[in-house]
Amino acid sequence: MSGLSLGGFRPWRRAWFAPLVTLFAVYALFVFLAPETFGRAVNLATMLRQTTVVAIAAVGMTFIIIQGGIDLSVGSMVALTTVVVAWKLKQGSSVPVALLLGIAVVTACGALNGLGTTALRITPFIVTLGSMTILRGAAKGLANEQKIDADIRGLDALVTPPENGLLPPGVYVALGIALAGAALLHYTRFGRHVFAIGSNEATARLCGVPVERTKILVYALGGALAGIAGLMELATLTVGDPTDSEGLELQVIAAVVVGGASLSGGEGSIGGALVGAFLMTVIKTGCTHLGIPNWVQHMLTGAIILTAAALDRFRRRSSR
Amino acid sequence: MSGLSLGGFRPWRRAWFAPLVTLFAVYALFVFLAPETFGRAVNLATMLRQTTVVAIAAVGMTFIIIQGGIDLSVGSMVALTTVVVAWKLKQGSSVPVALLLGIAVVTACGALNGLGTTALRITPFIVTLGSMTILRGAAKGLANEQKIDADIRGLDALVTPPENGLLPPGVYVALGIALAGAALLHYTRFGRHVFAIGSNEATARLCGVPVERTKILVYALGGALAGIAGLMELATLTVGDPTDSEGLELQVIAAVVVGGASLSGGEGSIGGALVGAFLMTVIKTGCTHLGIPNWVQHMLTGAIILTAAALDRFRRRSSR
Amino acid sequence: MRTRLAVSGLAKTFGATRALVRVDLEVHAGEVHAVLGENGAGKSTLMGVLGGVLAADTGTVLLDGEPFRPRSPGAARDAGVSVVHQELAICPHLSVEDNLVLGREPTRFGLVDRKAVRATAEKALREVLGTAASRIDPASAAGSLSVADQQLVEIARALAVPGTRVLVLDEPTSSLAKDDAERLFVLVRALAERGLAVLYVSHFLDEVRRLCDRYTVLRDGITVGSGAIADVGNDDLVAQMAGDRSRRTTARAGDEKPSARTLGDVVLTASHLAGTRLPSDVSFELRRGEILGIAGLVGSGRTELLRAVFGLDAVRSGTLDARAPMGMLSEDRKGEGIALALSVADNVTLSRMPAVVLPGAQRRATEARIDELFIKATPEQSALELSGGNQQKVALARLLHQGADVLLLDEPTRGVDVSSKAEILALLERLAAGGKAIVMVSSQFAELVHACDRVAVLRRGVLGPARPVAERTEAMLLEEASAP
Amino acid sequence: TKDRPSGGSEPAGTTGASAKPLRIAVVPKGTTHEFWKAVHAGAVKASREDNVEIVWKGPLKEDDLKGQIDVVQSFVAQGVSGIVLAPLSDKGLVAPVKAATKAKVPVVLFDSDLQGDDWTSFVATDNQAAGKLGGDYLLKQMGGKGNVALLRYQEGSASTANREKGFLEAAKAVSAAKVVSDNQYGGATTESSFATSENLLAAQKAGAGGLDGVFAPNESTTFGMLLALKKQKLEGKVHFVGFDASDKLVQAVRDGHIDGLVLQNPFKMGYLAVKTMVSHLKGQKVDKRIDTGATVVTKADIDKPEMKELLQPDLKPWLGE
Ligand SMILES: Nc1ncnc2c1ncn2[C@@H]1O[C@H](COP(=O)(O)OP(=O)(O)OP(=O)(O)O)[C@@H](O)[C@H]1O
Ligand SMILES: Nc1ncnc2c1ncn2[C@@H]1O[C@H](COP(=O)(O)OP(=O)(O)OP(=O)(O)O)[C@@H](O)[C@H]1O
Ligand SMILES: [Mg+2]
Ligand SMILES: [Mg+2]
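Protein chains in written order, with the numbering used here: chain A, 1 to 320; chain W, 321 to 640; chain C, 641 to 1124; chain P, 1125 to 1445.
Rather than coming from a laboratory, the hints here were simulated on the basis of the structure. Small disclaimer: the values here were computed from a predicted structure and weren't measured. Warning: the hint list may mix true and false statements.
To be verified - Derived pair list, reagent style EDC-like, types lysine to aspartate or glutamate, alpha-carbon separation capped at 16 angstroms:
# : chain 1 : residue 1 : chain 2 : residue 2
1 : A       : K90       : P       : D1371
2 : P       : K1357     : A       : E163
3 : P       : K1226     : W       : E483
4 : P       : K1357     : A       : D156
5 : P       : K1372     : A       : D149
6 : P       : K1406     : P       : E1173
7 : P       : K1354     : A       : E163
8 : P       : K1354     : A       : D156
Chain A on its own, in the form it takes in the complex:
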């Protein structure tokens, strides 16, 4: 369960197996149906780029969900980051200062989420529902209920493929973050503590795990990653948009859970979350390429979420 299986390599036992199978099946289907457009390498590159925001946020959400929490404020955090950075840039700050400030602000918001669940002991759902609303308001207020149109000074290079390559730097950033996240989760004490708290908080406390500190760190990490996702979003939008990313939280949570995590904590994997995030993009892109109407696309997305989850149940049952 915890990614520490030391026995033989049995991929069908892994959390990311069901979503990966679903992904391949869906991908193959779309390639079959639209080989000339969907099957092109540049389309793959585009889809990878479109996934970066959700993927980066999903890495943070994986930690939060494994730890037994949830973060509904991630969409608002992403929007707030685009606004803060655009606002700073407009004020004439240098790019690094603006970026760091943006990330620092949402990291602090994440830490506050963590404080709410620990010091005030309110359920994470409610704490982050509250901060989702508050941060959305803050973003709108800071931006004067408008898009902030600043010169983003080359930030868009993050999501623009270089002259001689296919993939923009942002995709590599996301991959790097995912790898670092996976290492943190599986090979450090902090990561094991995250699993332990999600699995049984009382036990973890009894074992001397610094439960409060770990939780706050996890939420702060989630915030920091939402901040980086926000930078990608700003690089894409080129304006600071306070209404941006409404509902992103559900996409991110869906990606993580489709990727095999359990909302009751103690289970989940970063690989699975990435696969889940990419699966969503594939469905969306494939539907557009086939000219499938929006409403069918909605229904397909839902059906595929359910299929992946049902496949995952099957894995769990057979591993008993």
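Fit chains W, C and P with the ligands to the known structure of chain A by using the hints.
Just chains W, C and P with the ligands now, kept in the frame of chain A:
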């Protein structure tokens, strides 16, 4: 906890106490700040009317949350109901047929949610996230991606105050539903089983509680009430709107949890949920009356959700 | 005598684990039948099959000559088999009375009949608790009761089922105090007299000897022996359970006396410690190399004493001087003892981990503990898949791995089989000899007398003086604990 | 309407508060699109000229019908003097507007139409005509032939649906042109429009010359499409006509990335709507329909003063930002 305490009357121990205090405080504040407009009786009536949709859906959600589940599809269900009923009416069906069909459709959807959590054993969050997307797609498809403009033949009377009264019939319907729901929850076997499953599902199963059947019934009930909420919504909108009520699920869940329910199940009350629902309307209306900009309103709403939750924590701690 | 329950050739596998291989069992009406075996032998799995929780792979069960294949716990109960499972099954948010009638709520006009509920609850509690029934308020939330009282509520629930033909009790006394257990024995005998067949799982051989008529021994999922209790000695039973496994070093029984140990400096001092509710006045001093036992009745606040010392519960007044790091083992195995979803390796090493965790090193450390405590598990197995006794050992292994100098043990041997219990007590001896200081709470006063250097008695939150164990017997402890 | 207050000094809705100035609620469809900012500025200008108080309040979420109905009901319950409203649905707001009229709170509509005639006046662009204007211009730029795609805005939004309808009308009138995609919705935000646009361009093989022109019916879809074109290095290669303006869009017209933008006059819309309401409350007769017009701005005429006025109305004096 279960609302059946037979000891002395200690309101501060009750789940609805913290939200009620918050409600009174917020209400009084707004009356103080805008006595001439906010304090009018017609304003109270308007607010009650505006709460009916969330309140009716919250009664169903209370059952679902006490039972240890969650339902993200309630917004889509409300929208689907408005579409199905408007579509039927446009086709020339009689009003009762259209209403019954609308409610039957979403009740079935609710039952399917229940089946997903029991037969497929997928977590409720994912099942209902899937059905939220599917039902939204179905509503858009059925409505041809347009609002359905049908003659709703007097249905709007539901939310229109009668000539000689203040409150429209819809408010009484909501109250009746809440009373019936509370009775069902506290005075029947079914209600006790809902609490037992949410408190400890394995134990309930060991004791011969029909866990699967109860769960399916609870989700079906949630669907049926979402259907009735959908009727109220249609009566308000007068058109079948497939894009309606996006994000309603979060409002409803917030109302239930602000009202003292625990998302890990076993705890909750209908009275609390109603108070939670009304609190949200009061904040919204108060902000409009005071001419407070949207972004401040966002922040206030979030802050008040957090305050109510923190007060509730305080109650729980002091009751130990 | 009439055969009430006949089990033959029963087998049950969980994935690759063969929990039951070939189980045969015959229980007569009117007898109390002991089911014995080491941790992980398959006792609870068998009870699960009888109770309709698990479906057997092969084999037959006959109940009064009729094939018996319950499809759910409810069906088993309705067919006359009611079960008290090893793991606590309580709905914490519901009141005690609602728990007692759960699944069988009496109704009137479609509504729950509160009066009948109350009557049923009071009757059931009185049956199990006798005059002590007043200590449980039927209207209070079940989650607020102590583990022992929750266990009693569960027993009362099973007994309250009308039409029961077979009563299954899976380690019912593992968390009960002496007097509650005694009352239960009387009750069980009376039920057997009335013609019930009782299946009784326990690791306490004395108890089994007093209570049961016949026995069946399971080893690795196979029936290896059965007969009348009166015909076998305890050593014989233990040998049947352990089989030819040579790990039992009974030789160690020789070096058990604590006299050889030298006491070190004081590491823990409590003076007039009081918690928010219990305990109310606790003073003691603990040195390295010492095992201090705490005896007391259920509800005397032993658990809360340990929690207050460890810092889990708030301290209202008094002082606590801890000069060395502490580690604690909870009596609530599922709630605080282990993380069920994690692997055995993660559970064991959680309490002390390097900043970077290497799977290989983690496995090696775990394997050492598995050998030390005879845990029937592999490091990568999920803790959920272990038998109750093995889970308890994992929790203990975790504490040992932590390496704290002061160990607070709340019921350390709960649910552990006979041979392992001796091993664990011997291990505690060795730890103390190695310079650790141990506080041990146990409802088994005999165990305290056997393992501790000094024992103090906690009565209604007040801790008496700790006296050397040489001056005390089990009976004296019981007398002091239950003095008015 | 029949309930026009007499004498002109005291609006019927605020009985008992005689000395108070008129209080007019202005309810847009959302608060964050730049379009509504200009409306707001226009409304403020009118309010200052006529010395009335305006309350600016949109639904919390952009384009949320229920939210807007709640806001209107709230204003009626409050008893404002009049409501100036951009209805999110031509049917959904019939009942609240009727209730307002019944409570002697007159309603002036702007931007979008409403069924029935419980309202006093309607101040708006003719959206279908504006869409057709954009379509005609796009096809002219394409030389009257080729493949065009329409990126729709959102399901059930009447004003943009009318523009889309007008555009399709124009496109279908030219037989050499082919509409290759008209069922993709960009959704309410820039981000979703961008993703949909990218996929749309890829699906139509725009990079390989599969697409000659695109049309987007509002600001967020236009911006999303612009970003997508830039991302695929198609800006200036695929003809593109959008709707409404913002700084970035204007710059794109200058750079030749957008052939033209259909402009409404939101400032005038807000201004005239409030003016009309005040006139009505003062007992004057007002027209039932007031057209605020639409024009296409292109690179060639972008620096003309009358376009400047439309593109970068100076909002500072009115909104104080
Ligand atoms: N759900 C499960 N999945 C996998 N293995 C299991 C599961 N439940 C039990 N087992 C295994 O089956 C075997 C028998 O377990 P069981 O609980 O019946 O033992 P027991 O005799 O009751 O032991 P104890 O005295 O410790 O309670 C053990 O090896 C255990 O690990
Ligand atoms: N949270 C609680 N609220 C109210 N009463 C409680 C609570 N927890 C425990 N009690 C009661 O306090 C008393 C002491 O409990 P405690 O668990 O400390 O006793 P103990 O001596 O350790 O008994 P046990 O043998 O069950 O471990 C019990 O009677 C129990 O019913
Ligand atoms: Mg067992
Ligand atoms: Mg105890």
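Hint consistency between K1226(P) and E483(W) [alpha-carbon to alpha-carbon, up to 16 angstroms]: 12 angstroms, holds
16 angstroms limit on alpha-carbon distance, applied to hinted pair K1357(P) and E163(A): 12 angstroms, holds
Satisfaction of hint between E163(A) and K1354(P), Cα-Cα up to 16 angstroms: 14 angstroms, holds
Pairwise hint evaluation, D156(A) against K1357(P), where the allowed Cα distance is 16 angstroms at most: 14 angstroms, holds
Restraint status (C-alpha distance of K1372(P) to D149(A) at most 16 angstroms): 7 angstroms, holds
Pair hint outcome, K1406(P) versus E1173(P) [Cα-Cα no greater than 16 angstroms]: Cα-Cα ~14 angstroms, so holds.
Hinted pair K1354(P) and D156(A), Cα distance within 16 angstroms: Status holds; Cα separation ~11 angstroms.
K90(A) paired with D1371(P) [C-alpha distance capped at 16 angstroms]: Answer holds: K90(A) to D1371(P) is near 14 angstroms, not above 16 angstroms.
The earlier numbered hints are all upheld by this structure, with none contradicted.
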